[in-house]
Every structure is written in C-alpha cells, then in structure tokens.
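> Those protein sequences? They're chains A and B, same order as listed. Residues 65 to 398, numbered by this note's numbering, are exactly what the first sequence covers, in order. Residues 65 to 398, numbered by this note's numbering, are exactly what the second sequence covers, in order.
Just so you know, these hints were derived from the structure itself, not from any lab. As the structure is a prediction and not an experimental result, all values here were calculated from the model. Where is the CB? At the ideal position from N, CA and C, for every residue including glycine. There may be inaccurate statements among the hints.
In silico PhoX-like pairs for lysine-lysine, Cα to Cα no more than 25 Å straight-line [to be verified]:
#1 A/LYS92 <-> A/LYS137
#2 A/LYS332 <-> B/LYS314
#3 A/LYS252 <-> B/LYS66
#4 A/LYS333 <-> B/LYS336
#5 B/LYS252 <-> A/LYS215
#6 B/LYS142 <-> B/LYS158
#7 B/LYS142 <-> A/LYS332
#8 A/LYS213 <-> B/LYS213
#9 A/LYS252 <-> B/LYS284
#10 A/LYS252 <-> A/LYS232
#11 A/LYS197 <-> A/LYS332
#12 B/LYS215 <-> B/LYS332
#13 A/LYS314 <-> B/LYS197
#14 A/LYS336 <-> B/LYS314
#15 B/LYS213 <-> B/LYS265
#16 B/LYS197 <-> A/LYS336
#17 A/LYS197 <-> B/LYS336
#18 B/LYS314 <-> A/LYS314
#19 B/LYS143 <-> B/LYS66
#20 B/LYS265 <-> A/LYS333
#21 B/LYS332 <-> A/LYS333
#22 A/LYS252 <-> B/LYS215
#23 A/LYS314 <-> B/LYS284
#24 A/LYS332 <-> B/LYS137
#25 B/LYS66 <-> A/LYS314
#26 B/LYS197 <-> A/LYS333
#27 B/LYS336 <-> A/LYS336
#28 B/LYS252 <-> A/LYS142
Covered by chain B, according to a simulated footprint, are these stretches of chain A (three or more residues, beta-carbon under 8 Å) [to be verified]:
#29 72-78
#30 236-244
#31 293-299
There are 2 protein chains.
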Amino acid sequence: MKMRTIAVDAMGGEHAPEAIVQAVLKAKAELPETKFMLFGEQTKLKELLGQNEERVEIVATSEVINDEDEPVKAIRTKKDSSLVVAAQFVKQGKADALLSLGNTGAILASGIFIIGRIKGIERPGLMPTLPVKNSDDGFEMIDVGANAKSKPEYLLNWAKMAAYYAEKVRGVSQPRVALLNNGAESDKGDDVHQQAYELLKSSRLNFIGNIEGNELLDGKADVVVTDGFTGNAVLKNLEGTASVLIHLLKAGLLNNGFWVKIGALLSKKALKNLAAKFDIDKYGGAVLLGVNAPVVKTHGRSDQRAVYYTIKQVDKILREEIIEEFKAEFGQAK
Amino acid sequence: MKMRTIAVDAMGGEHAPEAIVQAVLKAKAELPETKFMLFGEQTKLKELLGQNEERVEIVATSEVINDEDEPVKAIRTKKDSSLVVAAQFVKQGKADALLSLGNTGAILASGIFIIGRIKGIERPGLMPTLPVKNSDDGFEMIDVGANAKSKPEYLLNWAKMAAYYAEKVRGVSQPRVALLNNGAESDKGDDVHQQAYELLKSSRLNFIGNIEGNELLDGKADVVVTDGFTGNAVLKNLEGTASVLIHLLKAGLLNNGFWVKIGALLSKKALKNLAAKFDIDKYGGAVLLGVNAPVVKTHGRSDQRAVYYTIKQVDKILREEIIEEFKAEFGQAK
Numbered sequence: 065m066k067m068r069t070i071a072v073d074a075m076g077g078e079h080a081p082e083a084i085v086q087a088v089l090k091a092k093a094e095l096p097e098t099k100f101m102l103f104g105e106q107t108k109l110k111e112l113l114g115q116n117e118e119r120v121e122i123v124a125t126s127e128v129i130n131d132e133d134e135p136v137k138a139i140r141t142k143k144d145s146s147l148v149v150a151a152q153f154v155k156q157g158k159a160d161a162l163l164s165l166g167n168t169g170a171i172l173a174s175g176i177f178i179i180g181r182i183k184g185i186e187r188p189g190l191m192p193t194l195p196v197k198n199s200d201d202g203f204e205m206i207d208v209g210a211n212a213k214s215k216p217e218y219l220l221n222w223a224k225m226a227a228y229y230a231e232k233v234r235g236v237s238q239p240r241v242a243l244l245n246n247g248a249e250s251d252k253g254d255d256v257h258q259q260a261y262e263l264l265k266s267s268r269l270n271f272i273g274n275i276e277g278n279e280l281l282d283g284k285a286d287v288v289v290t291d292g293f294t295g296n297a298v299l300k301n302l303e304g305t306a307s308v309l310i311h312l313l314k315a316g317l318l319n320n321g322f323w324v325k326i327g328a329l330l331s332k333k334a335l336k337n338l339a340a341k342f343d344i345d346k347y348g349g350a351v352l353l354g355v356n357a358p359v360v361k362t363h364g365r366s367d368q369r370a371v372y373y374t375i376k377q378v379d380k381i382l383r384e385e386i387i388e389e390f391k392a393e394f395g396q397a398k
Numbered sequence: 065m066k067m068r069t070i071a072v073d074a075m076g077g078e079h080a081p082e083a084i085v086q087a088v089l090k091a092k093a094e095l096p097e098t099k100f101m102l103f104g105e106q107t108k109l110k111e112l113l114g115q116n117e118e119r120v121e122i123v124a125t126s127e128v129i130n131d132e133d134e135p136v137k138a139i140r141t142k143k144d145s146s147l148v149v150a151a152q153f154v155k156q157g158k159a160d161a162l163l164s165l166g167n168t169g170a171i172l173a174s175g176i177f178i179i180g181r182i183k184g185i186e187r188p189g190l191m192p193t194l195p196v197k198n199s200d201d202g203f204e205m206i207d208v209g210a211n212a213k214s215k216p217e218y219l220l221n222w223a224k225m226a227a228y229y230a231e232k233v234r235g236v237s238q239p240r241v242a243l244l245n246n247g248a249e250s251d252k253g254d255d256v257h258q259q260a261y262e263l264l265k266s267s268r269l270n271f272i273g274n275i276e277g278n279e280l281l282d283g284k285a286d287v288v289v290t291d292g293f294t295g296n297a298v299l300k301n302l303e304g305t306a307s308v309l310i311h312l313l314k315a316g317l318l319n320n321g322f323w324v325k326i327g328a329l330l331s332k333k334a335l336k337n338l339a340a341k342f343d344i345d346k347y348g349g350a351v352l353l354g355v356n357a358p359v360v361k362t363h364g365r366s367d368q369r370a371v372y373y374t375i376k377q378v379d380k381i382l383r384e385e386i387i388e389e390f391k392a393e394f395g396q397a398k
C-alpha cells in the first residue's frame, strides 16, 4: 500500500491551530504510513511543529474562511485560504483527503466545486455517525444538509455509499438501512419518500423499511437515509435538545437547595457519562460522500482528542479505498 | 355567552375511561358554563360517573378505534366507534368541540372528513405547544404531521391561525413567528420554504425570519411554522431524544456505585423537574387548526391531570371563539 497524505486545514475551529497540530503529532506516531500537510499561517505552524518535521509538511496560506463567511462566495474570493488551498492540493493529487474544522458550507462547497463529484453521483451527501441508546455502536445518517432539495435517486445513492462506509470503515456486516419517514407503512411520506422507499426496497441493500424521528437513537438501523432538508432539521434538533436537557439538568441540580447540590456532586460522574454519550464528536467527523476524495468536517469546538479521532477515521477511509469503490460502482452505472 | 358542550371520546388512551371521567368531573366543577358528552361504553361510564350526572351526558357507542387501526379505513368502517360518533355530534352541532386521546391519524381524519375544513383553508395543520428552555412559556409548532406534502400557502395559513391562537388562548401579545429552515438567510431551503418565507414576510404577522432545528427550545419564537413532513420528524425526534436522555441519565445514575446512587436519590427532585419541563402534555393537547370546530388530541398515556388541563384548554378555545374568527378571516378571503 502506498503512502497516504492527509491535507489538514490547520486554521479552522475554535482551538486552531494548536489543538490541530497536537492531534496530528499524536496520530502521526501511530500511523507510520501516513503523511500530513498542514495548511495555514507558516510561522505559527512551524513554531508548534518544532522538530517534528518528519512526514509533516507546512503549506503557507495567508487567508482564513470564517464561520460568518458566505460559503460559495468565500471559496471564490479567498483563494489563498487554508481551506481552498488544501482542497486544491487534493484536487491536484498532491494529497488524498481533506480534513477541516471550519465553515461547514465552505467545506461542502470546496468538496463539490474544487475536489469535484464522483461520476454518476449527482449530489454528494453529508454523513455524520450518531450515538445510539444501549451500546457504543452508532449509526450513519445521510444527508444532514448538503442538499436543500432532494430527489429519490439521491437518497438511494446516499444509502448505498453510507452502507458501504458502515461496512468497511465501521465494521458493520450487512448494515440495516432505514428511511426516515412519517410512519412505518410503505406508502408514507411525500412523493420523494414514497419513491425512495421503492428504490431502496428494489436495491440489494439490507433495507428494513421506514424509521420515525423518535426511533433514531434506538439502534434499530445502522444507516438512516433522509432528504437533506429534514436531515438538517432533525440533526440540529437532536443536538439542540440534548444540549438544552443537559443544561436544564445542571441548572436544576444547582438550584434546588443543599441536599440536591450534594446529590449533584455525587452524580457528577453519571452526568459526565451522559454528556460523553451525546458527544457526537467522539464518532469522528461528518463525511461528504460522493466527491473524488474523502472530505471530512469535524465540529469547530473539537479539541485535540476529537481531531485525533477524526484523523484516524480519515486514515481508515483511505486505507479501505472506499472512494475507489464508489468510482467503480457509480462511474460504470452511468 | 351560551353554554358550551365538549364531546369527549372516553375510550381512547391508556387510562380510558377512568382517568378521562375523573378529569371531566374535576374540570366540570370549575367550569359552570360547560357541558360534557362522554362517548363510550355505557355501563362502564355510568358506573364511573355515579351521581355526578349534572351537565354530563353519556352517549353509548359499541366500537373503539385502536392505535393499530388504519385511520381513514377505521373512521369509515367503525361507524359506531366513540371517536366517529363524537365527531358526528360535533358536525351536527350537538357539541362544540372534540377531545380524544386515541389514534392520532383517526382523530385527524375525523376532524378533516367528518367535522370538515373551514372554507378557505385547503389543509388543516396539527399544532402542539412545546416547552422552551428558560421560562414556563412555550411555543406553538405547526404543522407536525397532518400533511406529508405542504405548499407555501398552507404554511402561511397555519402561521396565521397559530399566531391568533397564541394571542387569544395563550395570552402572547404580538406573537413572534419563525419559519423552520436550514439556515438563517432568506434564500435558504427548497422552493416551498423560500416561497413561504416571502409570504410570511409580506404578511401582517410579526415574522422574525428563519429558525433552525437547534434553536427550537431557546424561546426565540412564539410560533414556529414548518412543513408537515419536517415538523413530524422534528417533533418525534425531540420526544425521542428527550426520552432517551432521561433514560440514559437514570441508567447512569443507577449503574455507578454506591455514592452515585446516593447522589441520585438526592438529585431525584432535579430529575423530576427536568421530566416535568419536558412533559409535553402539561401544555395540553395538540390542536387541529383549520376545521369547523376545535379538535384536540392529547397523548394516549395522559393521566387524569393531563386530560384535565386539556379540557381547560378546549374550553378556553371555545370561550375565545377562535374558530368563528377563522371562519370570518379565511371564508371571506376566497
């Protein structure tokens, strides 16, 4: 197997570039066949890197795309941003995968417009791995917002890619694929979902039927496919609800008198476990599936540990050569 | 003001008919100008009612629609079910409002096909009141699943009805109306949401723009309007996430050794507060807006207290004569 190179946008996220460089160094020690390219402010990166120059190359860039930037405009105008230059390197074959903690829309736009779509995939989909209730397994959910408008064929292709990913990268054999819909029966939903149901049923996937919004975390499916609009609303709602509940619980624990306070101290471990369970970051980043290289976005607030896990995830995607598989599968279909 | 009559399906829900009859008796004592009709098994209802016959009439029915029944088929075939007969009484003007804890789809179908749509309203919408983070206020969300396919005009009408409801029934002055969308900017979303945005902006509503799935519980809006498919997925996800988190937390508290257990006991009150906060039932039932009478569905697991609150809510809707207002508003528009 040839050496792999991961292009890392070192300037995105709240803890950039420190946490990112530390994560790269930690992952590098465990991945002897992987090289890294760090895109960002040269002086700062050099200083953080110190003597650890083996298998790490710094590519100096002068601009940064912020969360406030309008995505498509930003990748057109900030030509020397760490994200755009990193994507260009992947496009040109100088690197094999792109990892960023920055502006989600700009990462999607870089993947779709710079790195480019796989032939046969009309619309790439964004896929995070989410936690389930009673185990450490998770499930893939696709698309969570790369597309506001979805067609039934998109959903079929997303399901195929996500199932392949679940099998190769996450080791799930015969992943159970479900369609997020507004009821269990096959005729539920609007035209897009009714047709997607038929396409999924006729496919070779292990399609188990519809799943409803309240069942997502129950671990019934390994892959949940959804139109990008609903997926976006549901994922954000999931994160919002979890964060509000944890906040309310902490507030409740701290506002109810002395004994409850003592109780809270003793229960701290349980609360911490709960927060860990719903720390979506521990499952690595969200993958943009359907472009010519792995493009992985992890949360802007990711710390060194979260970035480290995401690097391992990107490396695993490269090792399993899933993009090559997608190119063969969908390229010949058209 | 004339006497009001509420038609109560006494056979729906897990605690029927006991909890329902008890709730009616409790509410009746506080609402001297309200009459009740109980639809269900006569012998049983008579026994539960005892001597409390004043302002309560029993209407004997021989069938019950279960949660497993296919809604539209059920209302066509189970002609003598408590739900269908209750809806017929409302249709015929013998009662003014319908309350049920039964099969949601069958309640929607009874409202739309038996009681009938208000002239000028093409599609009624289902609207629960949901909790917000830092206050006891809630917000209205419409539509949460009466419609799998939505047009921009539907969303506008739902927003108008929900805003009027928020003002009259919940006492919110100038309710802030937001559109659930996949980003803050006006051009976000698919065609339906882009057009709905423009319609809402041009209306006389206090439209504050888009809201995203993670902001729902933040209390930024008094009314959130959404297409029925997304609304259904998001509401179910919200309930599912809250229930999983509370479950995990309890499991965590009970699985972490002696001191954590003691902590859990001391924190029980906080947990209870949290559960109460996310007890969606305490805000009453979900209202089907756009039909010729108030049709209110409350959760199948509602206990006597929850049903009691829902009766008070139905009574308030009747007192504020909001259906009459909708008939005047939308009837003349066409």
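> Out of the numbered hints, which ones does the structure contradict?
1, 3, 7, 9, 10, 12, 19, 20, 24, 25, 29 and 30
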